[in-house]
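Enquirer: Now for the letters of each chain:
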Amino acid sequence: MSSMISAGTTAAGGAIPQHHHVRKGRIVISKVTPAKLWLRSVLAVLVFFTLYGFLTIDTAGADLPASFVQTVRYFWIMFTSPRAVASHFGMSQSAGGFPVFLSAVKVLGITLALAFLSTLTGGVVALVLGLLAARNLTNDRISNTIKGIVAFIRAVPTVLWVLIFAIGAGLGAVAAVIGMSFHTVGHLMKAYSESFEELDEGVIEALRASGAKWPHIIFQAVMPSSITSILSWTFIRFEINFAVAVAMGAAAGAGGIGFNLFMSAGYFFDIREIGYITLMILVVALLMEVIAARLKKHYQPDAL
Amino acid sequence: MNLYSTSLPKETVWYFIRKRIGFFLVLSGFIIIAAGSSRLTGFSLIDAFQAIPRVVSWMFSNLIPDKRAFERLPRILEKLWDTILMSVMSSVTAAVFAFGFALLGSVTTKPNNFFAVFSRATASINRNIPVAAWAMIFLLTFGQSSFTGFLALFFASFGFLTRAFIETIDETSISSVEALRAVGAGYSQQVMQAVMPSAMPQMISWVLYMIEVNIRSATLVGLLTGSGIGFMFSIYYKSLQYKSASMVILTIVVVVLLIEYISNSVRRRIL
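Residue numbers (my numbering), protein chains in the order written: chain A, 40 to 343; chain B, 447 to 717.
Hint data in this document are derived by calculation from the structure and do not stem from the laboratory.
Computed from a prediction, not measured in an experiment: that's the story for all the values here.
Honestly, I wouldn't trust all of these hints.
Calculated cross-link-like contacts (lysine to any residue; reagent style SDA-like; alpha-carbon spacing at most 20 Å) [claimed, not checked]:
# : chain 1 : residue 1 : chain 2 : residue 2
1 : A       : Lys186    : B       : Ala481
2 : A       : Lys229    : B       : Val702
3 : A       : Lys145    : B       : Ala481
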């Protein structure tokens, strides 16, 4: 990344460019590097695909301007007068606002629990695989094999994993947690093994020289030095898994607030309840983002 | 290493014992939350362990495309193409808007604090509403179509890209913007001559990353909004035609890996 920054600032007006000429009193920087050429071609290709996409996209005959106006109106309703229907959250019709809120919180808790379970399961597996995949701790063959398998696992979208496991385990928490753990393993294994690889080679060498075995090296040197970064990456994944759990509730029958969202949008067409659910999700997600940002600042000041 | 039989000083031994107690407290905390979560959701670790080998062996015998699946390949590829277009479109369109908002929100280029807070808050709300929720909201107004999927992906990408672009501009452009400001360049000159050239490679890299993410999300959005490759999967899955569904999965895997490969090699060349 540093090479990119220096190249960028030079082109923009840092050092004097080598190939320039003066035309009508303006300095024209005309040096076209291969990187710039690639950049322009990529931009051109992306813009072409986008325009082509807009010309050919299927709108199913929807009246777009009218739909946009309708969407804005719905958003206004969602954020200004959200409310939940008691019976949709398993309460009797006569239940007051607060008990309904509590039962909605419980449903939200199911989503959080799904996210927690898959983060924990995935994290444990990722820890083991991360140790095996870190280049300084094993040989290249094991490392590459594991990374290859994980690349394949990551290429299948989470929702498909959940649905595949639902065939054998039934729609529900078991399939959801297994499916969600798969991507968690893929993400965290990479993060963990990179933080293991940051460990100073000298430390491992010193331990090895004093006769320490593999478990000693792991528990006395590798783990203590990367535990903070492991915890913060795990929390970041927990944050992601919350959004995934909402999606799995809506698309793969995993239950929780996502399922309620699916029902109110797909069956009850109740925009005020959609607003109620969306706001609840938003509050939790914002809270977690604040915590994750703090953790990131603390433990990975140079992370992306 | 047995701590108790060594001749270490007492304080050192206590230090290790305290550390172990702390470790076990944290561990038991996790276990208690996990047990509570399992109860709440009906998850069972034993069931999960039993399900994995059963499903994996089932996968190897049933998730193999048959002749019928190959006959359906042209139709699947057509939907896959729609999905790729949807991901590229939503990422690029979101990037255009995100660049505008990032200029307002970045410390380097913000016109004033009001716009900066407005831009960051908008992005944050957009990003924290999950893509599934966006899909369900637009499904109500735009109906079951690819355009609905595009909108859902657009709004989720917009929030993410705005934050990424703000960070990129702040990282790469401060010095060149300051230099231009010092020689009296106007706002548009600062943007065109300093921000654009220095931040562009990194921003394109983010757009490529967004396309990768959106290809995966598009499957989910497709399932929810009845469009693209997700809808194809859903049709075969619900009608128990798993061999055709496996064809859909295989094509998705190939496309995802291919796009990751392309974007990685492009990234190497532009950065």
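Enquirer: Tell me, in ascending order, the numbers of any earlier hints that this structure violates.
Expert: 1
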